[in-house]
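Work out the full structure, taking the sequences as your base and the hints as a guide.
Protein sequences appear in the order of chains X and U. Quick note: the first sequence uses the working numbering, first residue 1, plus one each step. Quick note: the second sequence uses the working numbering, first residue 131, plus one each step.
Note that these hints are calculated values from the structure, not bench results. Just so you know, not all the hints are guaranteed correct.
Said to hold, decoys possible - If you want the footprint, here are the derived chain U segments under chain X, 3+ residues with CB under 8 Å: (1) 143-152; (2) 179-191; (3) 196-202.
What the hints assert, rightly or not - EDC-like mimics (lysine to aspartate or glutamate), calculated; alpha carbons at most 16 Å apart, straight line: (4) Lys72/X x Glu91/X; (5) Lys80/X x Glu22/X; (6) Lys80/X x Glu155/U; (7) Lys72/X x Glu46/X; (8) Lys212/U x Glu155/U; (9) Lys80/X x Glu91/X; (10) Lys90/X x Glu155/U; (11) Lys146/U x Glu190/U; (12) Lys79/X x Glu155/U.
C-beta: ideal position from N, C-alpha, C; glycine also.
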Amino acid sequence: MQLEYEAYETMAIRQMHIICAEARKRWPIIALACAHRVGIVPIGHESVIVAASSVHRADALLACHFIIDEIKASVPIWKKEIYADGEVWKENAEFFINNSTSRRSGSALHANKELDKRADTEKNDLSHET
Amino acid sequence: MDAEFSQTEGTCGRVKVLFFARAREIAGVSETSLGIDGAESSKTIKDCIDLLTKQFPGLEEIMSCIVVALNQEYADQSSLVKSGDELALIPPISGG
Chain X
1 MQLEYEAYET MAIRQMHIIC AEARKRWPII ALACAHRVGI VPIGHESVIV
51 AASSVHRADA LLACHFIIDE IKASVPIWKK EIYADGEVWK ENAEFFINNS
101 TSRRSGSALH ANKELDKRAD TEKNDLSHET
Chain U
131 MDAEFSQTEG TCGRVKVLFF ARAREIAGVS ETSLGIDGAE SSKTIKDCID
181 LLTKQFPGLE EIMSCIVVAL NQEYADQSSL VKSGDELALI PPISGG
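The structure is reproduced here in structure tokens:
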């Protein structure tokens, strides 16, 4: 089985910038980067990377979590599984959740009430740790 | 070859349409364009979708789960399109 990624590149990059800007609004992040591969990605190899730095680790970890969830919900990238006897386009559940709440209009970020609730809960949990 | 709301000469008055993933496989092309200049009234994204499904009937089966982007921003199908716009048909995504 092979994995192949396709992207609407200009919009994907634009959307990733929007997501990173939103992460910076929510958490005090020092540096942030994310990248996604396109084309064939060998099995077992990473297809996406998100890197964040912050004074306290909770903020970087929450920002990474948020960014990955948002990438899965709104960045126009598609994965195809290629088998000897056929091909299957995969579909992220996050895309359907996002589109049923926002009903195909406006920014995907407005629809993430569940993520906001979870982020607040996790922030409280992680702050007890440090 | 490209679909039209009205007959128009030249390259202006057109909306570029991009197809991705399953939509691209069904349409058989990664891009096309729709002529909108000179049409009797303003056209919406929905009007463009209707024209596209006439030109590429196979798209009908996936239209219920397609979202659209207008000039690289997600848009509602009631949004108006204008000459020079870029429309993209976005099937369910699977990055990350």
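Taking the hints in turn, this is what the structure says about them:
Residues of the segment 143-152 of chain U lying with their CB closer than 8 Å to a CB of chain X number 4, which satisfies the three-residue condition for coverage. Restraint check on the segment 179-191 of chain U versus chain X: 0 residues with Cβ-Cβ distances below 8 Å, three needed, restraint violated. With a cut-off of 8 Å between beta carbons, the segment 196-202 of chain U has 4 residues touching chain X; three or more are needed, and the interface restraint holds. Restraint check: the Cα-Cα separation between Lys72/X and Glu91/X comes to about 9 Å, which is no more than 16 Å; the hinted pair holds.
For the suggested pair Lys80/X and Glu22/X, the alpha carbons sit about 29 Å apart, so the restraint of at most 16 Å is broken. A threshold of 16 Å between alpha carbons decides the hint, and for Lys80/X with Glu155/U the separation of about 12 Å falls inside it, so the pair holds. A hinted pair counts as satisfied when its Cα atoms are at most 16 Å apart, and Lys72/X with Glu46/X qualifies at roughly 15 Å. A hinted pair counts as satisfied when its Cα atoms are at most 16 Å apart, and Lys212/U with Glu155/U does not qualify at roughly 26 Å.
For a cut-off of 16 Å, the pair hint linking Lys80/X to Glu91/X stands: about 9 Å separates their Cα positions. In summary, the hint linking Lys90/X to Glu155/U is supported, as the alpha carbons are separated by about 14 Å, within the 16 Å threshold. Distance check on the hinted pair: Lys146/U and Glu190/U sit about 20 Å apart at the alpha-carbon level, beyond 16 Å; violated. At roughly 14 Å between alpha-carbon atoms, Lys79/X and Glu155/U fall within 16 Å of each other, so this suggested pair holds.
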